[in-house]
Amino acid sequence: MVTILSYIVSLKAFDGRQVALLDEDWLHIRFRHPEVGFRAEPLSEALTHPDEAYRNGRGGIHALKRVDDEHLLAVIYEPTDNEELVRTAYLTSAQRKDRRFRSFSLPEPILELDLKKILVKVEARYGVDLPRKVVAVDFGSTGDLYMRFKHAPRPVGEPTDDGLAIFFYDDGGSPVGVELLDTDRFT
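Numbering (my numbering), first residue to last: 140 to 326.
Rather than coming from a laboratory, the hints here were simulated on the basis of the structure. Only true hints are included.
Derived SDA-like pairs (lysine to any residue); straight-line CA-CA distance at most 20 angstroms:
no., residue 1, residue 2
1, K151, T187
2, K272, V259
3, K260, P270
4, K272, F288
5, K256, P270
6, K289, F306
7, K255, F307
8, K289, V274
9, K260, F288
10, K255, D268
11, K272, H290
12, K260, F278
13, K256, R324
14, K260, G302
15, K272, T219
16, K255, A275
17, K255, K272
18, K151, R178
19, K255, V274
20, K255, F288
21, K260, L320
22, K256, I305
23, K236, G198
24, K260, F325
25, K255, R287
26, K255, P270
27, K255, V315
28, K272, E251
29, K256, D283
30, K255, V276
These numbers were taken from a predicted model, which means no experiment stands behind them.
Put together the whole structure using the sequences plus the hints.
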């Protein structure tokens, strides 16, 4: 059996991922959330230039774009085997947004970081080999960035001589994380 997918739009989202809106999901949005309207352009704008973005517990991204003083357009896309697919879109109020996204993670500034590029620069600067599998990221309000590569019950931190990074190791001496105290030096 061959499945033919019909695209309304396929584009590169703000986070560099290829995101598609399929006919079936567009129909869902149009009939279940008519407040969004009948044009796909506002969804494209939210995907490419959101005002805010969050990650839910399943890995889906919620891209939010302000449409007026009181409302935001929320567009949700989720990973599949080949690309990300828009699952739904709806309008929400600023007040509801604050309640809804309180427990979500990944504000927009983290999405703008190229973690792979940062890891390459850290490796070059300190002459270390770091894993490429990042299981957790925390980007602080002061510009510090913590990346965890795997869980360790009691990681041991070792600061660099220049004071710009702290490498964390497990009991066996394998790197389990790195904290960059001034992310701008590595972007």
